[in-house]
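Q: What follows is the residue order along each chain.
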Amino acid sequence: MAENILELHNLTKFFPAKAGGIFSRAKGEVRAVDGVNLTVARGETVGLVGESGCGKTTVGRTVMKLYEPTAGRIIFDGEDITNLKRQEMKPIRSKMQMIFQDPFSSLNPRHTVGTIISSSYTIHGIEPEGGVEHSVRELLTLVGLNPEHINRFPHEFSGGQRQRIGIARSLALKPKLIVADEPVSALDVSIQAQVINLLDDLQKEFGLSYLFVAHDLSIVQHISDRVVVMYLGKVMEMAPTRTLFENPRHPYTKALLSAVPIADPKIGRSRERIIVQGDLPSPVNPPSGCVFNTRCWKAQDICRTAVPETIQIAPQQTVACHFPE
Amino acid sequence: MSKFLEVTNLNVTFPTADGDVHASNEVSYSVGLGETLAIVGESGSGKSVSNLAVMGLHNVTRTKITGSAILNLSDGPVDLISASPETVRRLRGKEMSMIFQDPMSALHPFFSIGDQIAEAWHLYNKGSKSDGIKKAIEMLDLVGIPDASVRVHDFPHQFSGGMRQRAMIAMALVNNPSLLIADEPTTALDVTVQSQILKLLKDLQNEFNMAIILITHDLGVVAEVADRICVMYGGRIVEDASVEDIFYRPEHPYTLGLLNSVPRITSGLSHRLRAIPGQPPSLINLPSGCSFQPRCEYSSRVSSGACTESVPALNDKGSGHLSRCHLDIADLNDLVKDKA
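Those protein sequences? They're chains A and B, same order as listed.
303 is the number that numbering that gives the first Met the number 0 gives to position 304 of the first sequence; each next residue is one higher, with no gaps.
328 is the number that numbering that gives the first Met the number 0 gives to position 329 of the second sequence; each next residue is one higher, with no gaps.
Please keep in mind that the hints were generated in silico from the structure rather than gathered at the bench.
Check the hints yourself; a few may be wrong.
Computed cross-link-like contacts, DSSO-like style, restricted to lysine-lysine with a CA-CA straight-line distance of at most 27 Å [as the list claims (entries may be wrong)]:
| hint | chain 1 | residue 1 | chain 2 | residue 2 |
| --- | --- | --- | --- | --- |
| 1 | B | K133 | B | K198 |
| 2 | B | K63 | A | K265 |
| 3 | A | K253 | B | K201 |
| 4 | B | K93 | B | K133 |
| 5 | A | K94 | A | K203 |
| 6 | A | K265 | B | K128 |
| 7 | B | K93 | A | K265 |
Derived DEER-like restraints, expressed as beta-carbon distance ranges [unchecked claim]:
| hint | chain 1 | residue 1 | chain 2 | residue 2 | range |
| --- | --- | --- | --- | --- | --- |
| 8 | A | P108 | B | M103 | 24 to 32 Å |
| 9 | B | A329 | A | I310 | 52 to 60 Å |
| 10 | A | Q276 | B | R273 | 34 to 42 Å |
For every residue, glycine included, the Cβ atom is placed at its ideal position computed from N, Cα and C.
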């Protein structure tokens, strides 16, 4: 059995960028994901963080083969799935599942909860032990919902409950890897904690691996074993959670961490803040050299011309910067 | 001395087919010049609704509003709730302004940024069209838009999210108002841009001595910028205190639960989050008594079922720290210590 449940080698996904109008031709490409290497070990939670537009969601979706990668390789459970066709992917999909951000648009409003959750069985032609209804009831109990609600519709549930339905659906086929794309960012704080705890419990019980995509660093810190920081389609830094938060080596990671508001007035107001100037550049036309050079306070000439190599700077910590901290 | 804005016993009710939505119940708060008041709560806690009433932005034919919201202007106080819509309209944009969460839908897509800022300026100032644009450039410069004299002719879609929020702030402040209500101003923005905008608001407040009401659900943002905090739950203010009191000496179980349920970057590696069980209440059908009671782990400690029978009063239990709970503070502190 392979040690890593998921390995990405130089994963790249470009989307065609079109100029407006119906007769438009591709004008360039959006470099959404540009050469990402990362691994997820069995039972591990890897947090993928970055600002909007950094390509973190695209990584998650490409892993699931919802997008065809432009280049690179995806190794799932020891098998290269990069070039598998739709039909060939089907048996593999049952081992990798996704939880979506928006619990309102990711559940079919015309289907009952029972239909939504059992559709996994129907699609894969699986007859679970003890029958479909029995399994669905079990799943509902597992995620903390009342199994009597099996015939209700999504609109009868609150946001947090709907997210639990999405989680129950993803667990139906007993997957090995779950890609969770911003699973709590649409929820209120008191509900976020409930869902995070649920994900924690399920991981312990089933030995799940998570690729946890989020922009909220405090949640990522809480749930992840390792964290990958992305910026404009590239990995800037990768390290075990504690190392990354205590000793960030990439200027962007440092800036990102210092921008997170801390829910503690004394610490929040006394610490030194790095406020990066400006906005995220366009991924259609990323800056030459290091993609962060336009906002980096340490940028020098070499940063504008040469793309920094990803170097191992400490055990398990890699950073892509010419002048790491 | 009276504060610049004093809201007292504000009730906002929307009649619907399913019954009356009691979005804001006996809400009182005040904010002084140069002060930042944060109103914190989850979605549906009534934090936006109360402030829309202050701004006179509810549809009065369909909304029942009672109570008072006194704006202490230099030429005498005005009650924004009982005043005529025309009076409130003349104050809006001049004495008080509001910025919203989503700057893209708050800006008009067909008009240039400069025209929209100039329009707000022309409402209260006499001047030519080019004077308005000049003022717009000055404001864009103030809020940190680079090349303001060129970008003033851009349309909203040509601005990034952070720049749009800056443009909104420029528009809100063009007539130098004394009160700025910011409704989730940074929720739609990335953290690095969020910290830019929060710093901008703080700098502008220092420069113009504005009163700011910051409506948010993000306790981190509140911890960094607020002077005073009102915590809302189920349409009521459940705790009202200084920022230090809320974070270090909370007196309401809901505030405590909220603080415990946020993971903190500083708290080292993972402990289990202490989530608040259950769901926030429906504003149509609030629980009897204290609206937090069905989710409260301490309500069993209160004798004789007071929590389900009566709504606790917002008591000042010492030095301006107000809390709406039947539980004795000393008891609560003991319980918190026991758990920790």
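Q: Next step is simple, just say for each hint if it's right about the structure.
A: Okay, the hints, checked on the actual structure:
1. Of the supplied pair hints, the one linking K133(B) and K198(B) holds, its CA atoms being roughly 25 Å apart against a limit of 27 Å.
2. Of the pairs offered as hints, the one joining K63(B) and K265(A) is violated, with about 41 Å between alpha carbons and a cut-off of 27 Å exceeded.
3. Proposed proximity of K253(A) and K201(B) is supported: the alpha carbons are some 23 Å apart, at most 27 Å.
4. Under the criterion of a C-alpha separation no larger than 27 Å, the hint pairing K93(B) with K133(B) is consistent with the structure, at around 19 Å.
5. The hinted pair formed by K94(A) and K203(A) meets the criterion: a straight-line CA distance of about 17 Å does not exceed 27 Å.
6. Note on K265(A) and K128(B): the hinted pairing is violated, with a Cα-Cα distance of about 48 Å set against a maximum of 27 Å.
7. Using a Cα cut-off of 27 Å, the hinted pair K93(B) and K265(A) is violated, with the two alpha carbons roughly 35 Å apart.
8. Distance hint for P108(A) and M103(B): a CB-CB separation of about 26 Å, consistent with the stated range 24 to 32 Å.
9. Taking the beta carbon of each, A329(B) and I310(A) are about 57 Å apart, inside 52 to 60 Å as hinted.
10. Range check, Q276(A) to R273(B): Cβ separation about 38 Å, and the 34 to 42 Å hint holds.
Violated hints for the displayed structure, listed by number in ascending order: 2, 6, 7.
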